[in-house]
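*Asks:* Following the hints, position chain S against chain B.
Chains as they are written, first to last, in our numbering: chain B, 1 to 206; chain S, 207 to 577.
Rather than coming from a laboratory, the hints here were simulated on the basis of the structure.
From the three backbone atoms N, C-alpha and C, an ideal C-beta is built for every residue, glycine too.
Now the stretches of chain B that chain S is said to cover, found in silico as 3 or more residues with beta-carbon under 8 angstroms:
{"#": "1", "stretch": "7-16"}
{"#": "2", "stretch": "71-79"}
{"#": "3", "stretch": "91-103"}
{"#": "4", "stretch": "128-134"}
Which chain S residues face chain B? A few, computed with CB under 10 angstroms, are given here:
{"#": "5", "residue": "Ala-292"}
{"#": "6", "residue": "Val-393"}
{"#": "7", "residue": "Arg-433"}
{"#": "8", "residue": "Lys-496"}
{"#": "9", "residue": "Glu-519"}
{"#": "10", "residue": "Phe-523"}
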Amino acid sequence: MEILLCGGFLGSGKTSLINKLLHGMTDAGLTAAVIENEAGKEGIDAALLSETGIQVTPLFGGCVCCQISGDLLLAARRIEAELAPDWLVVELTGLALMDGIRDTFRSYGHSGLGLRTLSVVDAARWTKLRRAAEPVVRRQLEGADVVVVNKADLAPPDRTMYAELSAYAPEAVLLTASAATQQPAELWSQIQLAFAQQEERQHGHT
Amino acid sequence: MGKYEENLELLRKALRCEPVERIPVVPCGNAYYARVNHIVMKDYISNFELACDANLKEHLRLDADGTQNVIFSPYLLGTQWLSRTALPGVDLGDDDMWQVMEIDENMKFEDYEAIKEMGWDAWQARFIAEHCDDNWRHLEPFFAANPAAYKKFYDAGIPCICDFLMITPFEYFCGGRSLATFLMDDVMEEPELMHEIFDMVLEHNLKQYRQQMIDTHAIGVWIGGWRTGPDIISPSMFDEFVWPAFRAYYDLCIEMDVIPIFHLDSSWTLLLDRFKALKERTFIMALDSKTDIRKCREVLGPNVCILGDVPCEMLTFSQPEDVAGYVEKLLDDIGPWGVMIASGCDIPSDAKPENVKAMADTAHNYLSARK
Chain B
1 MEILLCGGFL
11 GSGKTSLINK
21 LLHGMTDAGL
31 TAAVIENEAG
41 KEGIDAALLS
51 ETGIQVTPLF
61 GGCVCCQISG
71 DLLLAARRIE
81 AELAPDWLVV
91 ELTGLALMDG
101 IRDTFRSYGH
111 SGLGLRTLSV
121 VDAARWTKLR
131 RAAEPVVRRQ
141 LEGADVVVVN
151 KADLAPPDRT
161 MYAELSAYAP
171 EAVLLTASAA
181 TQQPAELWSQ
191 IQLAFAQQEE
201 RQHGHT
Chain S
207 MGKYEENLEL
217 LRKALRCEPV
227 ERIPVVPCGN
237 AYYARVNHIV
247 MKDYISNFEL
257 ACDANLKEHL
267 RLDADGTQNV
277 IFSPYLLGTQ
287 WLSRTALPGV
297 DLGDDDMWQV
307 MEIDENMKFE
317 DYEAIKEMGW
327 DAWQARFIAE
337 HCDDNWRHLE
347 PFFAANPAAY
357 KKFYDAGIPC
367 ICDFLMITPF
377 EYFCGGRSLA
387 TFLMDDVMEE
397 PELMHEIFDM
407 VLEHNLKQYR
417 QQMIDTHAIG
427 VWIGGWRTGP
437 DIISPSMFDE
447 FVWPAFRAYY
457 DLCIEMDVIP
467 IFHLDSSWTL
477 LLDRFKALKE
487 RTFIMALDSK
497 TDIRKCREVL
507 GPNVCILGDV
517 PCEMLTFSQP
527 EDVAGYVEKL
537 LDDIGPWGVM
547 IASGCDIPSD
557 AKPENVKAMA
567 DTAHNYLSAR
577 K
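In isolation and in its complexed conformation, chain B is listed as follows (with noise of 0.2 angstroms):
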């Protein structure tokens, strides 16, 4: 099973980017699950779900902040041994960080667990909450695999954003989407296409 933790502010379009991956999974062929961090949103696909049977598992946190680790790992190991699917999606809380997560899976999951991380950033919204929140925005990118600049038709991401994004993840692959109006299986090619380059730049690196 390959664990794709997704995370990104509130409005970045994280939503729209699983349902859109989602779609682009079956359609492959391949079987997939999710976990919704999130409370009181607009959820994931209804129709994608009853077409498709994939489950989805919400988990709430308190006050988000300390039990969610523990608490995603457990809600992992529980979903690969009873559906064992080739996928299982986490859409996490606009306020998780994502590197503490990746963390806990790398130090308590089991050596079989693929871990891929992905954060979605808003193109429209980056330049004023890169300003407003600097911290935030950090932990959040630093932890990522792949950094998705979502809702490019919108804001068409300049040379400018590309330097900052990759001062703040200099390890993950870039790469932009509009998920709102892409083809399911064309994001997802894309979001494979960029987990196989982060991977080669492991290994270029060890």
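*Replies:* Frame of chain B, contents of chain S only:
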């Protein structure tokens, strides 16, 4: 002196960083208390007698020297972040954990003007009634159950060192407006308005907290740093918008002889030096294992009490001997005086009871093992 008074004096000695007879253990972990007693979350958050008995039973099993709360209601969370809270048995499955809902702009920007017109108290009462599931009304049974719960812990000899929470203005609005919107549109674009509103809230809260300290005969309070640490905001934003409230709340505690406990989530390592402005031996730094606790000792010196910080993940996934090793090393490095042992933040709901027991036993046996 009865057991309650003995334990309270033990905790006060630890606060003052004086030698103690044994290292105090002061747990906090509501969802864990429910799980370890096989109580469904829906019942735990609505039947306070059941919840109190469960909490007390676990404290007695651990031979705890104090507690950080006698009962708990998740409706409190909605009041401190001006949000709805998804609840087991209401919005969630009967045994799910509660969670604060992240909704973009539960509170609108225009609400700031309404606060100025109505005053903070009247505005928040109306807002919480209309937009946060009428939390104050739902909290009435919780407040009504508190005296009996305190009595049970008193009779068992276990003092509570957190009688209520002191909330900074920043916490309310970063929840109500949602974090990114609050930081981008409010703090960055309208700093003067924010200062005006924050001053109003602070002035009101100081009056209210003073009265609460009198009414509850408070021993201690949490000053919460949940979303205001350097993992979330910049040090300069903290200095300008958060520290003034921290300082005012601390000063009120000292004036009222109440113990200020800085409950700090995530890593505060970068801001530890700010707390050097406070008087030694008067406050507690409660850290959640993300802050470098050894750095905290180094920066603040031997005369500041530190509470913490057995990592949550360790309590869930490790073995008792790992937990024991962690606590021993921690006490070797930052103790033995001026330390209270607890989990970093709440004990997680899925913690192994044998790990929690190992945490308590190792702390309690630490000094005698070295005689």
